[in-house]
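What follows is the residue order along each chain.
Number of protein chains: 2
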Amino acid sequence: MTKILDGKKVSEQIFEKIKKEVAKLSKKPKLAVILVGDNPASQIYVNIKQKRAIELGFDSVDLKYPENITEQDLLTVIENLNNDKSVNAILVQLPLPKTINTAKVIEAIAPQKDVDGFHPENIGKLTVNQNPYVVACTARGILELLNYYNINVEGKNVVVIGRSNIVGTPVARLLQNKNATVTVCHSKTVNIKEHTLNADIVVCAIGQPKFLKEDMVKERAVIIDVGINRIDDNKASYTICGDTDFENLLSKASYITPVPKGVGPMTIAGLMQNTFDLYKLQNN
Amino acid sequence: MTKILDGKKVSEQIFEKIKKEVAKLSKKPKLAVILVGDNPASQIYVNIKQKRAIELGFDSVDLKYPENITEQDLLTVIENLNNDKSVNAILVQLPLPKTINTAKVIEAIAPQKDVDGFHPENIGKLTVNQNPYVVACTARGILELLNYYNINVEGKNVVVIGRSNIVGTPVARLLQNKNATVTVCHSKTVNIKEHTLNADIVVCAIGQPKFLKEDMVKERAVIIDVGINRIDDNKASYTICGDTDFENLLSKASYITPVPKGVGPMTIAGLMQNTFDLYKLQNN
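In order, the protein sequence lines correspond to chains A and B.
Counting from 49, one number per residue, gives the positions in the first sequence under my numbering.
Counting from 49, one number per residue, gives the positions in the second sequence under my numbering.
Same shape as in the complex, but just chain A (with noise of 0.2 angstroms):
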């Protein structure tokens, strides 16, 4: 019987965990999120992390900036934010205007407040296994279910479905870390399914709805559901679906992750739990 990887419940437990152990401090963590413009899906996603952050007991500091703010200015509030020591950890919301260069803006964050995990920084020490300050928050989570769930990694085929700096790439290598033998798909990869045929765990995060079917994976594989599509059934409503043909999957997989309450809110859990390690670094 497939299993599904209930990340709704796993987060709770996070978030209560949380909960209770910052109840005990006199002093709170302390998270800054920046927006930068209007883009309706960027403030659903950090309306989310604020929410989370004050019920977890967190201090969250809301930064909102036009679209037309200059990258410079930008620097200047980030610097702002590294040289202030009341703020642990610092989230800028992508995606960014155009206008800014957004790796200059990732990189002018302290690694040691770089709650994303983004900075070349973290990245080049997690790619070299040395003890990044934080790991970026799906990667985190994804490995926080696979952990929960007592599924052994080490030896493992993986294959990771995209390459984004924010999901496939850290992912990819915190399995590779944990002994997996992974495969990077992408879009110039000729044939897919020949790999995820292979796969004893697929991670799919290609953002195309339904990408992963039935027939490209093998009898009980894993499969993790990074994908948040949302189709539009008519003007009026939608239906939230990910990357994965979750339905005709649910028989073959010996695990999955739907979506939504997946990999979606152990992001979120992923987040609450950077938010509390950087505060805990820095308050060492």
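If you are wondering where the hints come from, they were derived from the structure by calculation, not from laboratory data.
Since the structure is predicted, the reported quantities are computational estimates derived from the model, not experimental observations.
Honestly, I wouldn't trust all of these hints.
Given that identical chains are not distinguished, each listed pair holds provided it fits within a single copy or across any two copies.
Pairs of lysine-lysine, BS3-like flavour, derived with a Cα cap of 25 angstroms [claimed, not checked]: (1) Lys258 with Lys152; (2) Lys65 with Lys236; (3) Lys261 with Lys204; (4) Lys67 with Lys309.
Position chain B relative to chain A; hints supplied.
Structure of chain B alone, referenced to chain A:
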């Protein structure tokens, strides 16, 4: 007919080109090489590197320290080199004695002078495909060699055997950045052959003599052998062999690197190119 990828020939063309360019300069590129202890292999490597640097018209500084130098003293040496404007490139020959934290020493090198490309910032920028100052010499050399023989890697299945920070990790990433589909195999991979049999290109950097056998690769595969293994025939002599069973692979592969005269000289070429690139970076 199998083609030998002639690293010696290609490296000599690279050396010739650099030499001509350097001859026109009034101020020469300067490489500082740090050697700790008296490991005979390390001494040989350092000598090869310095001899070549001088031949190309570089300045080369040779800094030798005893096995018992303290970590702090070594860090001070590096700090002084970082601050010395006449020095463009710093190389710390590995391995270091066990009393010294290698990661800490590598991190102490200014990323702009990190000629080996091992600093987390350079590895991180390579990982997110955002202009590292330099890329690790062996990885660069392998790409130059493939490029010279017009071997396109885009969309190809590549298996890298070995995940060291010096070779496997950077070459895997560089090939992925060139749109190859890369699988990294290592000591915990259960069945390396199932992966290599599916590979258009195999990069073998596992450090085991003749590890990659004829029955492990498909017809017309491209074989890159990074190994340098010393086989002692008797007390008086030894032979060098790579990580692949060259003689038996020769008729099956489409291209293959010999050992010696394959990847070895290309690594030195990569080092010389990196030194010159860092010089240009600092004099622009």
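**Request:** Check each numbered hint against the structure and report the violated ones by number, ascending.
**Result:** 1, 2
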